[in-house]
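2 protein chains.
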Amino acid sequence: MKERKIILPEKDMPRKWYNIQADLPTPLQPPLNPSTKKPASPDDLSAIFPISLIEQEVSTERWIDIPEEVLDIYSTWRPSPLHRAYNLEKALGTPAKIYYKQEGVSPAGSHKPNTAVAQAYYNKQAGIKRLSTETGAGQWGSSLALACNYFDLECTVYMVKISYHQKPYRRSLMEVWGADVYASPTDMTQSGRNVLADNQDSLGSLGIAISEAVEDAAGNSDTNYSLGSVLNHVMLHQTIIGLECQKQFEMVNDYPDYVIGCCGGGSNFAGISLPFIHDKIRDDKPVRAIAVEPEACPTLSKGAFTYDYGDVAKYTPLLMMHTLGHDFMPPGIHAGGLRYHGMSPIISQLCTDGLVEGRAYGQEGVFEAALTFARTEGILPAPETAHAIKCAIEVALECKESREEKTILFNLSGHGHFDLTAYDDYLAGKIKDVDYPQELIDQSIASLEKIK
Amino acid sequence: MKERKIILPEKDMPRKWYNIQADLPTPLQPPLNPSTKKPASPDDLSAIFPISLIEQEVSTERWIDIPEEVLDIYSTWRPSPLHRAYNLEKALGTPAKIYYKQEGVSPAGSHKPNTAVAQAYYNKQAGIKRLSTETGAGQWGSSLALACNYFDLECTVYMVKISYHQKPYRRSLMEVWGADVYASPTDMTQSGRNVLADNQDSLGSLGIAISEAVEDAAGNSDTNYSLGSVLNHVMLHQTIIGLECQKQFEMVNDYPDYVIGCCGGGSNFAGISLPFIHDKIRDDKPVRAIAVEPEACPTLSKGAFTYDYGDVAKYTPLLMMHTLGHDFMPPGIHAGGLRYHGMSPIISQLCTDGLVEGRAYGQEGVFEAALTFARTEGILPAPETAHAIKCAIEVALECKESREEKTILFNLSGHGHFDLTAYDDYLAGKIKDVDYPQELIDQSIASLEKIK
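First to last, the sequence lines map onto chains A and B.
Position in the first sequence (from 1) plus 589 gives the number in the working numbering.
Position in the second sequence (from 1) plus 589 gives the number in the working numbering.
These are calculated hints, taken from the structure and not from any lab test.
Hints should not be assumed to be uniformly reliable.
Covered stretches of chain A (chain B as the covering partner; in silico rule of three or more C-beta atoms under 8 Å from a C-beta of chain B) [to be verified]: (1) 598–607; (2) 660–667; (3) 746–752; (4) 959–968.
What you are looking at is a predicted structure, and each value in this text was computed from that prediction instead of being measured.
For glycine and all other residues, C-beta sits at the position ideal for the given N, C-alpha and C.
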C-alpha cells in the first residue's frame, strides 16, 4: 500500500515565518498616503493597525518568530497534510508526481485562518477590543470570526448585501463563532449612509464594505481593521504553508519543480510559494512558481504594475502593485475570491522580476478540472482552488507529452462545501468562459492617476 | 506547547475489522423472512446483497481482513486524527481528559464512507454494475456516491423528496461524484407509483425511499442494494474507528473510562465502541459505553426489544432489535440521522446485556453543546454528532463535581457544513425541546405483530 499522506508531527511545526522582504532582488516601493501621495508613515496606519503588524509590514528581517499563543491555535489543525495525488496521476497517465497541500482542514475550511489568528493575537496584545472587516462570499469573514473567538475579541463583519442574502450559510458560520454580521451598505457608517442615500436598494460591493469596515475602525479607538490578503504581513503569516511543505518534502526525499497556487489578492499563493522562491533566490533551485488567475480577472497577466488604491472609495493607501484599476468591475464569476482588481505588492514585484509566472484560465476548464479532482482524489475543492488544480493538470499533461517525471506541488487552499450552487450550475451546463474585453481593461488602467 | 492531535501513521492503520459476534455474551437472534417469519436464509438475501456481505452478516470470526483495495481508499483520509480537547476541558474547568475522534475528515464529511467503500468493493468483486440506496438528508447517499465513484460502479440514490428540494447541496455533492439522484417517490418503481397514485404531491419518507431502492435492486440482476446502518456488516466495517483509537491511546499511554457516540441506526456508535467493549468483555476493562439519542426518538431508552421491520412497507427482514415500531413517526427534529425507529441488533443486544447504556437529550441542550464545542475547539459539528458532545460535556461536568480525572472519548462522527440552517434556527431561538408523548410510543409498540 502506498503512503498517500505526508504528515509532519506537531512538534516539528515551523516556529518562524519567512519574510521574503529580506531576499527580494528589487525592494518594495513604499505605500503612499492617499491624501498627500507621499510615503505613508507608521502613524498613517496606526489608527487601524497595531504597531506590531505595521512593523511586520515593513520589516526586512528574514525570520520572524511565531508567537507561542499563535502556534498553540495553529496546532488545532496544523501541520496540514501533504497529499500525494496517486489517483489523479493515474487518471491522467502522467509520469509526473503531483502533491497537494491540504489547507481545507482548518475549521473555517481554507488557509485564511493562518493570518486571521495571527492578526487577532497581535491586536489582542495591543489592547484592542474589537476587529472590523469586510467579506464577500464569507471565507475571510468566517476565518476572522473564528480567530476573534479564540482570543475573546469582538468581531464586526460587513458582508456584501447580495452575498448576505444569497449565501446565508457562511453568515451563519460567522455567527456560530460569535461575530456580528451586517449586510453592507449599512446605516451605521457615513460611507454606508452615503451609498443608501443614492440608492436605497444597493446590493453592496466589496469596495463599499471595505470603506465601512475601515471607517468603523478609524472612528473607534478600541477597534482595529483587519485585511485577509494583499498586505505584506498577510503574506508573511501564510508562509507557514510552504515552510511545512519543505519539511514534508524532506520526509519523502523529494522537491518540487513547480509550485502552483490560485491568486486573487495573493495570500495562498504567497503562502505556498515564498519559501520555495527563497530557495530559488538563495540556492538557485530551478523551481517554477505559477500564480493562477481567472481569465475574467487577469490581474497579473494583463494588469499594469503601478500605484493604485485598494478600494473603490480611495480610503486605503496607494500600493505599488499589478492592478486592473480600482474601478474595474470583474464579471460575476463563481470564484469570488479571485475577483479583486489589485494584487499583493510582493507577488507583483516577484512577477515583474521574473520569479513568478501568471497564468489565466477560463471558468469552464477550471470546473472540469475540479470535477476530475473530486472524482479521483475524493475531495471537493473550492472554485478558487480549482484554478490551481487546472494548472497542475495542464503541467502534468505537458510532462506526459515530454515524458518527464517532474514534481508538481499545488495548494489545495480550501474546500467547496459552501460552493455547491456553482457545481450545480456547472453540471447543468450553465457555466461558460467569461472573457473581459481588452479595451475595457485598457480603459480602466488608463484612467489611473499618474503618481510620480 | 501541548500536542493536540494524536496521529497514527498510515502504515499502522488496522488491517482487520473486529467482529463482536465472536464475543457477544448472548448470540444474536436471526433475522426473519418477512413472509414466512422463519429465519432468513442466505438465499433470501442474495437478490440484493453479495454473498461476501451476507457471510459477514452472520460470521462469528473475531477478526476479518480488510481487503487491500479498501485499505488503499481508506488511506485517502484515514487514519483519522484523535484530538485532545484541551480548549473544551479548560472552558468546562473539568479535571477530566476529553478526546474526540475526527471522522469529519472524510471527503463526504462523516464516518459513513468506512462502510460505503467496503460495500462498493464487495459488490464490484461480485460483478455487480450498480448500487441502489435511499437517503434522507444525504449523508449516506453522498458517501455511497463517493464509494461507487472509486470503484466505477453506477449509483442510484432515492432521496426523500422534501430533502431533495430543501437540501440541494447534498444532492449536488452526490452528482459531483457521478450518482443519479431521484426525488422519491418516483414513477420508476411500483412502490413509488403506488404512493403517487394515492397522493400525487407526496413529499416522500425514508420508508418509501427504502422500498424503492430495494425494489430497484431486487428487480435488476446487475444491481444490488446498500444500507448505511443497522446491519451487522455495517457495524463491522465501522470498527476501524475504535481500533484506530485504541492504537492512538497507546501512543499517549491513556485509555478511556467512557466511550460515547450518537446513535440513530447505531453505526458510528458501534464503530467507536465495539473494540472497547471487546476489552470490557474479554479483559474486564471498566469502560462505559454510552449511546446518545434525541429525546424525540428514544429507541434504546424507551423502545421495546422485539422483532420488527426495518421499513414502513415491511419489505425488509424482521430484525430482533430495539424499536419504537415501524409506524413510529418521529417529530421533524434537525438531527435527521437520528430519526430512525429501529436500532442495530448488535447494539440492541449489548444494551439488553448491560454492556451499553442509552441516554437521551433534548434538542436545545444539544445545540447549546454544539455551540460550546464550535467556540472552543473550532470545529462545527453535525447536529447528530452534537448529541455525543452534549453527553461528553455532561460526564465531564460530573467529573468536575466529583473531582475525578476520568478519560472521556467521543466520536466526532461528522461536520455540520451542510447543517447551517439548523444552527441559524438555534441562534434565532427557534429550536425547542420536542418531547414525544409516551402513550403514542406505547401505542406504536403495542401494535407490533407478536412473533413466536
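These are the hints, each one checked on the structure:
no.: 1; hint: 598–607; result: holds (count 3)
no.: 2; hint: 660–667; result: holds (count 5)
no.: 3; hint: 746–752; result: violated (count 0)
no.: 4; hint: 959–968; result: holds (count 6)
Figure legend: structure checked against the earlier numbered hints; the only hint not met is number 3.
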